[in-house]
Amino acid sequence: MNHKEKAVNYFSQKLHCSQSVLAAFAKECGITEEEAFKLGSCFGSGMRKGQVCGAVTGALMVLGLLYGQKSAGDTEGRQVSNKVNDLMMDRFKEKCGSYICNDLLGCDVSTAEGVQYCRDNKLFTDFCPKMVAAAVEEVEEIIRENAQDARLRNEIP
Numbered sequence: 027m028n029h030k031e032k033a034v035n036y037f038s039q040k041l042h043c044s045q046s047v048l049a050a051f052a053k054e055c056g057i058t059e060e061e062a063f064k065l066g067s068c069f070g071s072g073m074r075k076g077q078v079c080g081a082v083t084g085a086l087m088v089l090g091l092l093y094g095q096k097s098a099g100d101t102e103g104r105q106v107s108n109k110v111n112d113l114m115m116d117r118f119k120e121k122c123g124s125y126i127c128n129d130l131l132g133c134d135v136s137t138a139e140g141v142q143y144c145r146d147n148k149l150f151t152d153f154c155p156k157m158v159a160a161a162v163e164e165v166e167e168i169i170r171e172n173a174q175d176a177r178l179r180n181e182i183p
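With my numbering as the guide, the letters of the sequence shown map in order to residues 27 to 183.
None of these hints come from the bench; they were simulated from the model. Each residue gets a CB set at the ideal place from its N, CA and C atoms; glycine is no exception. A hint or two may mislead.
Stated by the list, open to error - Simulated restraints on C-beta separations: (1) Ser67 <-> Glu139: 23 to 29 Å; (2) Arg145 <-> Thr101: 42 to 48 Å; (3) Lys53 <-> Asp100: 19 to 25 Å.
All chains, full assembly: derive it from the sequences and hints.
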């Protein structure tokens, strides 16, 4: 099963979008699925406030674990993590129209009425899996690009 299939499968099991994306890459990130589920558990539905889409947040967690700043003096790690963060946010917005959960869903998911609207219109089952898949696709593309950049610099990917 590839990353996208894993993430969409996790989401279909009623895990949050953030958990689903992060857990799909758990092995590559050096964490267990359980750790991914726990780490991502407070970020679904835009941190339950309709803010940054949980799928994007899960993707940023993956990128942080792969490329993030390792210590206070790791300025290169900080630069790389800033770069991949911007790439992820910009590309997701370009592909999906926004990275804000409420904007994507067309309602305020932090309210009972908003959640009911999502249920009534099958957004959680029909729309959100597409956002999970889109986030995974962008992470995979960023990973490919960074591997290519490393090869071009004759570094180990």
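- Hint numbers the structure violates, sorted upward? none
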